[in-house]
Amino acid sequence: MAEGLHLNKVKITHLGQPLMSIDTHVAPGEVVTIMGPSGVGKSTLLSAIIGTLSPDFTLSGQIHLNGRDLTTLPPDERCVGILFQDALLFPHLNVGANLAFGLAQGGTRAERRTKIDTALAEVGLDGFADRDPATLSGGQRARVALMRMLLSDPHALLLDEPFSGLDAELRDQVRQLVFDHAKARGLPVLLVTHDDADAKAADGPVVRLE
Amino acid sequence: MAQSRRFPRLPLFPALTVLVLLGPVVAGLWGTLLPAFGHLPAAGLSGPSLDAFRALLDWPGFGPAARLSVVTGLAAAILSLAITALILAGWAGTRGFGVLERLLSPFLSVPHAAAAFGLAFLIAPSGWIARLFSPWLTGWDRPPDVLILNDPWGLSLIAGMVMKEVPFLLLMSIAALGQIDGRRRMALSQSMGYGRISAWMFAIFPAVYARIRLPVLVVLTWSMSVVDVAVILGPSTPPTLSVQIVRWMSDPDLAFRLQAAAAALVQLALVIGVVGLWFAGEKLVAHLACRRIEMGHRGHYDRPLRLTGFALGTAISVALLLGLFSLGIWSVAGFWSFPDLTPDQLTTRNWMRHYSGSLGAFFETMLIASIAVAIGLALTIGCLETEHRRNLRLTQRGMWLIYLPLIVPQTAFLPGLQTLFLNFGLDMGRAPVVLAHLVFVLPYLRLSLEGPWQAWDPRQATVAAALGASPDRVLWRIRLPMLLAPLLTAIAVGVAVSVGQYLPTLLVGGGRIETLTTEAVALASGGDRRAIGVFGLMQTAAALVPFALALVLPALIWRNRKGLLHG
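Residue numbers (the numbering used here), protein chains in the order written: chain A, 1 to 210; chain B, 1001 to 1567.
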């Protein structure tokens, strides 16, 4: 059972006050949904997993990913990708450069360009590389953000209410796209959401935080 | 908003503000242009002629002085920006940075001259650093004969400017960071495998830079043309071009005014040229950064870079604090021989001796600052309220207008202002000095009030209006009292700016208005450290005490109003 994302007796305290605790396992290709009212510490948990917990919080327990202990690693060595509600595309870079920013190091300029074009084609955005991200629609932005994250070769994916900014029709589409890509790559996925439809579409275990 | 009534009284404020901001700059440039081409009726000269430029080019120091201005200015601006970026990249959001953040505003308000004197007292051959290592390490039992202060390359001048510019750029960047969701950009980049420094430099800095571009230009043009810091720390034979302009302006022989005006135009041209160069540099750096981003280099050399940033930030803070402390020690020092770390005895004699002189300068300083800030505050609030009632927002062009007096080099238009007064036979005195200070106080008042003013919840006004309050009543009874803390901070900033002004006081005052700053800078050549200590400390106090009041007063006045204490 070393594969996947393990949260072993993870407890987070805020200035000494217990905030939340969780003990769960996300298998490769599986989506575990975390639900609960706002302020219950869902986003804080994601910060703890990617390693950007602010100093006011303390974490106990361990986080393992594919047998590696992440708990003490700096964020950039954890290989855990995250998607937020906003796409957070960098406005000073065009779409292609945004993807290049994500694309793992290595390869010649031409090879990298090919990978980026392929990634764009994969989500139906052929020829968008030179576009200004500000000119993209919400759905297009979400797709670019997804590919940017996947190009960085993460070993797990965290989703911080990534679909709540999209309107209903688009939401189903983008959600399916994200889950399909994560499953195809065998990534363990942790989804934080308010939306029951998200949990249903995820088709995996649901953890409710009180 | 339901307020569609017209307010014929208010449009006055924006018009007046533009006049006060631009009038002196335009008039000053005009007043520089005429004598540069040989037209100076006060000296019985009329142009046009190119003699002034010929004389300027014949002056053997011209090339070196111009080169010195460009090199020290560019070096100080680049270093300041790089250090600011390094500190933020390595430390923004950490606890240690929180400490630095709280020190920034007081650091910023320390007058340039006092900070420069403090640095001089530290790094001079007989300064504290040399004393600390003597004689046990260096073997010196008398101050070594090396030129550290006023070195011909302008290194100590650059250090002095960087020390004042980094806090300014940091403060501006922190305000910008609040607008771009830096925390999540950082988390996202780190989760894609970027180290802290690379993540910050490539994903956050471009957005911050776009928002601090004007302050960076202020730093660049200020560094190229500063006078007080250059008099204290800069080389003297030849000095920077701006210092030489002021020397010529104070020459009793009026003919030298022509040369000064010509040099002022050259100074302006140099600044314009370097700003153009800077814009080209921006494009080049952005292009190179993009090329690098395209290769996806993650860059894991965080540790040495973070340590460097920490060391530089600490060095600047310590130098400022120790420098001020050494001003204090010298002001009460009795006999103090090298290489003793402390004086033999402490005495109040220095303060007694300079008591009357410094007190007079103190009152003059405060009088000018109070009037300038009072007028400036009235204009600023008038503008903000007009914009609020007419639902206007400050555009990018408006922002340039506010920054313009800070970007045009002071040595390019203040000499012209003096010449104009001279030509019209007007008396130079306190009133023109106040107006000149206002040009520099106004932008800072606006910049420090802009954020809090816009952040105020306009629904408060809607509620009050629904209760039957007139817009004036809302302003006086609701908005201004609620904004007491930011108003007091803005006043403190304004006073600090006015207290620190050297050139406007000297030139527009015709040398007859004596403030703490002009007196302190005048002491630079004499080397009487005890007098410098007294005046430098008074000058610092004049700028810092308003800051302390701005912190304490709201807490006292609103002690029973919890909702106003942290907002």
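By construction, these hints were calculated from the structure, which means they are not laboratory data.
For every residue, glycine included, the Cβ atom is placed at its ideal position computed from N, Cα and C.
One or more of the hints may lead you astray.
Some, not all, of what chain B presents toward chain A, calculated at C-beta under 10 angstroms [what the hints assert, rightly or not]:
| # | residue |
| --- | --- |
| 1 | Trp1091 |
| 2 | Arg1095 |
| 3 | Asp1141 |
| 4 | Arg1142 |
| 5 | Pro1144 |
| 6 | Asp1145 |
| 7 | Arg1183 |
| 8 | Leu1188 |
| 9 | Gly1193 |
| 10 | Ser1198 |
| 11 | Ala1199 |
| 12 | Ile1293 |
| 13 | Gly1296 |
| 14 | His1297 |
| 15 | Pro1304 |
| 16 | Arg1459 |
We went through each hint and held it up to the structure:
Checking B:Trp1091 against chain A: minimum C-beta separation of about 13 angstroms lies over 10 angstroms; hint violated. Because the smallest distance between the Cβ of B:Arg1095 and any Cβ of chain A comes to about 6 angstroms, under 10 angstroms, the interface hint for this residue holds. At its closest, the beta carbon of B:Asp1141 sits 49 angstroms from a beta carbon of chain A; the interface hint therefore is violated under the 10 angstroms criterion. Hint status for B:Arg1142 relative to chain A: violated, with the closest Cβ pair at about 50 angstroms, above 10 angstroms.
The beta carbon of B:Pro1144 comes no nearer than 46 angstroms to any beta carbon in chain A, farther than 10 angstroms, and the hint placing it at the interface is violated. Annotation: interface hint on B:Asp1145 violated; nearest CB of chain A at approximately 50 angstroms, more than 10 angstroms. The beta carbon of B:Arg1183 is positioned within 10 angstroms of a beta carbon in chain A (closest approach about 8 angstroms), and the interface hint is therefore held. Interface restraint check for B:Leu1188: the shortest CB-CB distance to chain A comes to about 6 angstroms, inside 10 angstroms, so the restraint holds.
The beta carbon of B:Gly1193 comes within 5 angstroms of a beta carbon in chain A, closer than 10 angstroms, and the hint placing it at the interface holds. Interface restraint check: B:Ser1198 against chain A, minimum CB-CB distance 9 angstroms, threshold 10 angstroms, status holds. Taking 10 angstroms as the C-beta cut-off, the interface hint given for B:Ala1199 holds, the closest approach to chain A being about 7 angstroms. Annotation: interface hint on B:Ile1293 holds; nearest CB of chain A at approximately 5 angstroms, less than 10 angstroms.
A distance limit of 10 angstroms between C-beta atoms decides the matter here; for B:Gly1296 the minimum to chain A is near 5 angstroms, and the interface restraint holds. Checking B:His1297 against chain A by beta carbon gives a least distance of about 6 angstroms; that is within 10 angstroms, so the hint holds. For B:Pro1304, the interface hint is violated, since its Cβ never comes within 10 angstroms of a Cβ in chain A; the closest pair sits about 15 angstroms apart. The criterion of a C-beta within 10 angstroms of any C-beta in chain A is not met by B:Arg1459, whose closest approach is roughly 23 angstroms, and the hint is violated.
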